[in-house]
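Chemist: These are the residues of each chain, in order.
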Amino acid sequence: MSSSPLGTPSRKAPVLAINGLTVEYPLADGTRLTAAADVDLEIAAGEIHALVGESGAGKTTVGNALMGLLQAPGKIAAGSIAIDGRVIDTRTGRIEGIVPGRDIGAIFQDPMTSLNPLFTVESQLCETMRHHLRLGRDEARDRALSLLRAVGIPEPERRLKAYPHQLSGGQRQRVVIASALTCDPRLIVADEPTTALDVSVQAQILKLIRGLADDRGVGVLLVTHNMGVVAEIADRVTIMLRGRVVETGPVAKVLRSPEHPYARTLIGAVPRLDVKTRRLPVPSEEGPQTAKAREAVRRQLAASGSIGTTADEILSVSKLCVEYGGHGLLPGLSGKPFRAVDEVSFTVRKGEIFGLVGESGCGKTTVANTIAGLVRPSAGEVRLAGNRIGATRPAPLRRAMQMVFQDPYSALNPRLKVAKALAEPIAFYRLAANRAEATEDAALLLEAVGLERQAGERYPHAFSGGQRQRIAIARALAPRPSFLLCDEPTSSLDVSVQAQILNLLKDISEITGLSILFISHDLAVVRQMCNRVAVMKGGRIVELADAETLFAAPRHAYTRELLSLVPSLEKL
Amino acid sequence: MIAAIGSRLMQAVLVMLAVTAIAFVMFRYVGDPVAMMSREDATPAEKAELRSSLGLDRPVLVQYGGFVTRVLRGDLGNSFRNQRPVVELLAERLPATLELVLVATLLALAVGLPLGVFCALKPDGAIARAIQTLSLVGISMPTFVTGIALILVFSVTLRWLPSFGRGDVVHVGGWTTGFLTWTGLTSLILPAITLALYQLTLIMRLVRAEMIDVLSSDYIRFAKARGLPAHYINFRLALRNALMPVVTVTGLQIGSLIAFAIVTETVFQWPGMGLLFIQAVSFADVPVMAAYLLFVGFLFVVINMAVDVIYALIDPRLRARST
Amino acid sequence: MSAVTARNLPRRRARLALPVSVMVALVVVAIMLFAAFAAPLIAPTDPTDVGKFDLMSSELPPAFMPDGDPRYLLGTDNQGRDLFSAILYGARISILIGGGAVLVAATLGVTLGLMAGFFGGFVDALIMRIGDVILSLPTILLALLVSGLARAISPEAATAQWAPIILIGAIAINEWVQYARTVRAATMVEASKDYVRAARVIGYSPIRIMLRHILPNVMSPVMVIATINLAAAMLTEATLSFLGVGMPPTYPSLGTLIRIGNEFVFSGIWWIATFPALVLVVLVLAVNIVGDWLRDRFNPKLTRR
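Chains A, B and C, in that order, give the protein sequences. Residue numbering for the first sequence follows this note's numbering, beginning at 1 and increasing consecutively. Residue numbering for the second sequence follows this note's numbering, beginning at 1 and increasing consecutively. Residue numbering for the third sequence follows this note's numbering, beginning at 1 and increasing consecutively.
Treat the hints as calculated values from the structure; they're not laboratory data. Only a predicted model underlies this, so the values are computations on that prediction, with no experimental measurement involved. This list has only true hints and no planted wrong ones.
What follows is a list of derived Cβ distance ranges for each label pair: (1) A:Leu-27 / C:Gly-268: 56 to 66 Å; (2) A:Lys-75 / B:Asp-213: 24 to 34 Å; (3) A:Pro-337 / C:Ala-125: 12 to 22 Å; (4) A:Arg-158 / B:Asp-213: 27 to 37 Å.
Now the stretches of chain C that chain B is said to cover, found in silico as 3 or more residues with beta-carbon under 8 Å: (5) 138-144; (6) 240-246; (7) 258-269.
Even for Gly, the Cβ is constructed at its ideal location relative to N, Cα and C.
My request is simple: use the sequences and hints to build the entire structure.
Modeler: Set out below in structure tokens:
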């Protein structure tokens, strides 16, 4: 692992040297949008350099500019780029004289959409080689085989003839990596290469990339928003904010003691896996109205929370089973049923935050949907405050359970003004005496989640992802529930925004005593949020314990494996 | 995939049953066949005899069953108008319509595909915009207006091409073809263009839309990131992806071309099945109408199935199950 | 996580920035609508009044030609009717029938599509099967059948009173499937979105969710289809009339006029067919231009999230 601290000239020319790069988009009305300004970056041979930032930071823009993929009318307005010592001509606003694919390899985020579904693996690997290196068919094929072996794909001869949809997600990404290496480039640009993958697969791919950098001396520009990934394999890191570089340096130094205030906020916002903090250390954006509004909401919830809360258990799930399929196309042709949820049992106590964690496909979302009544179980039962519930809930319990979903962009009806969306459930359940009161209640809810009352007059598209999620939480609180189901509520959000929303949920739970079932794939988030945790795999619960116990001394092998695979800052 | 074909077959059978049911209802209940087939001054007794000889006094389901078996045997009754077996009439007219439709399809594909690709590659160019506008005109002109306009220009004014009929035909086996004579070929030109125009614009617009869509997809972006040359990306990769839905649509269009041929044949007095059908409609010649309906329905079902099978063969996602 | 793409660039606040062609098309449509519905007021003569037919002045060329009669702006047809008036009335009936067919098809199609998409299961399968069977037959064929059957059942069907209704039915019977399919697909997409799931968890009734939450969000593709459909419906009606099974000569639509004129094309009397054809094409073209623009404007891939 070779690394050169910034400022020391290295003897070999760096694989990539960017100086003062500025990318602009001229707009229709004559102004210009600056996506990246004055960016300096250097990558040495064999170095993995992480380029980090939240949405709109400009990191993807830099990657695109390098690969010649800037969408018109974007262009390089200033700055110089040198690859392997060769300066690239950027006067035309695009890179000239360097050939993407041959001199620079590319890895994109989603392997399913990166590969053309109609062509075989062999065809897609070989076309690059045959074009750039003028290889014959057999030569290209042999090279493709050795590349597949280098990226760790078993039975490469068989895989050559396969189509993308016949491979698993991890295998597809390995193929993508192989295709980035076909012409032995000096530099690889990897744009969020593991974001779309499972934790275990992610760990393997990261290891692969690290190995390639070490063995082949390739320089890797790793564009990502995940600090854990940075900690895991990067040598140096550059942090961007609104198009500019705010801090750069060796990973260990920057992540342990960041200097720039934004860098400190960003790194502080990453949920820790090793210890639970009371709140995540991000500056709060909430105003003076917030505390008052929250107190009002608390009173409302206490007064008309619909469950006579004598019971200690709010939610109890016993031997829940959900099966899919099992019906062939014609009667008589049987398909095997697929058990998404297999005899799952747990309880959520009053006032606690219970975490359900697992990788994608483990069944946690199905459990959530079943509890919410959106899916029918094939066996087992769900009880809310002792009463059995299914697809429909008995009248007094109908508003007792509410849900917050993952995607803030589809969580709000685009045609309803925010205030209306909040007032609708209040009016529906007659929780207010008249319309004026309902409107006032809606305004209070908005303030309680940290927004202004005036936000109610606007439509959802006027808000950012984090703000929309706040509105969604407000809407979930509107019917004054006793129990909140949160299904990956922050997985689509930027790191700092995620921290704010998590703090919001913590605050609300603390102030109002709301019980929460918190579902996530992110172990660190679950650590920070939950009192008790259940780990799911393959439709079953493999371990259920107090959060502290589970994370400090996990008993099940799978839990231990999961914890070891998660890329996190604490492993530095 | 076998299961998919199975469900398609079932659907096809359902459609055919529905179509035959409609045809049967037409036969049995529309108009009074007895009145149409007997003389003006027939006595009630003679009418009753005719009725029972036609089997019209038996229960409805039995009649339907008889109808279906007759259809399967190829007996579609006699035309009210000229008392000839309908099957014979259809068989006589079939070659004319099929040849016309075939030429029109080839024409529409040969012109529409390249134009669509061209417009997709340079969507903002002047030529592409002009073609787009013209295509709007193309789908705004009803087939018969196109036909009449062509006749006015090429037959009446310029006197280059014939304006009606099929020209001289050659009998080959059971088929009559106009491909082998000069008048046969020239007579084919104007009707084929007329019929092709609407479909041509449809194909062009579809290809353009699909290509533009594909060109903005992730895998094409990835191909660009690998430095593959533009013409390779456009013609070897993107075109291949874009053509998939075009195959489906074109296949289905052949079926509707046969229906549109009705209009073209009317304008040009082309002696095909469409003209036969129109004449049957104006004379309320129910057996011919019903038979045409059955035939076209059957053809559609066959074409739909063929399209599904072809699509399944060329899309690897449907062809092979995951390993 | 969102890259700056050309699509995400902030746009200037959208004024009603219509391309020139679309504005012209809208004006054309407006003029035609007005002229057609004001026909009884502005037409010099009433072409449907059989008593007024003056065979002596039949087949006269348009006023601007050498041997034309200044009374008849666009000439007369074989019955001595003023072609200009006939075109005005013809345009009116064409628009009425086309619009009527679209209205019927859209109402039926949207309702069935909503139900199919929202309830799924048996309801969905039933509606889609029926739609598939209907779609196996091309529009023209179906429309011809309906018209032909109507005539066979009762000769009255050919009269001017009944023909419009039968035509509307004949065209709509095929068209509704398109609406149903599109609305069904859009409903399924919306139903899987979180705000609909949230509405279900909140506890709203299915009807309320369908009408207040889903329907407003699936209407934009419906409007696009309706416009393009209007053009197609008018063309279908014209085709049916041209083939002789549409509006009768006593109350002709544009297609009927073209049919009449077709017989005179060879003898040099070109105006009877040409003017109605021109009007028809211009009208349909204008509607298509608007429809095309609507489709581009409402394309979900081009709108910002």
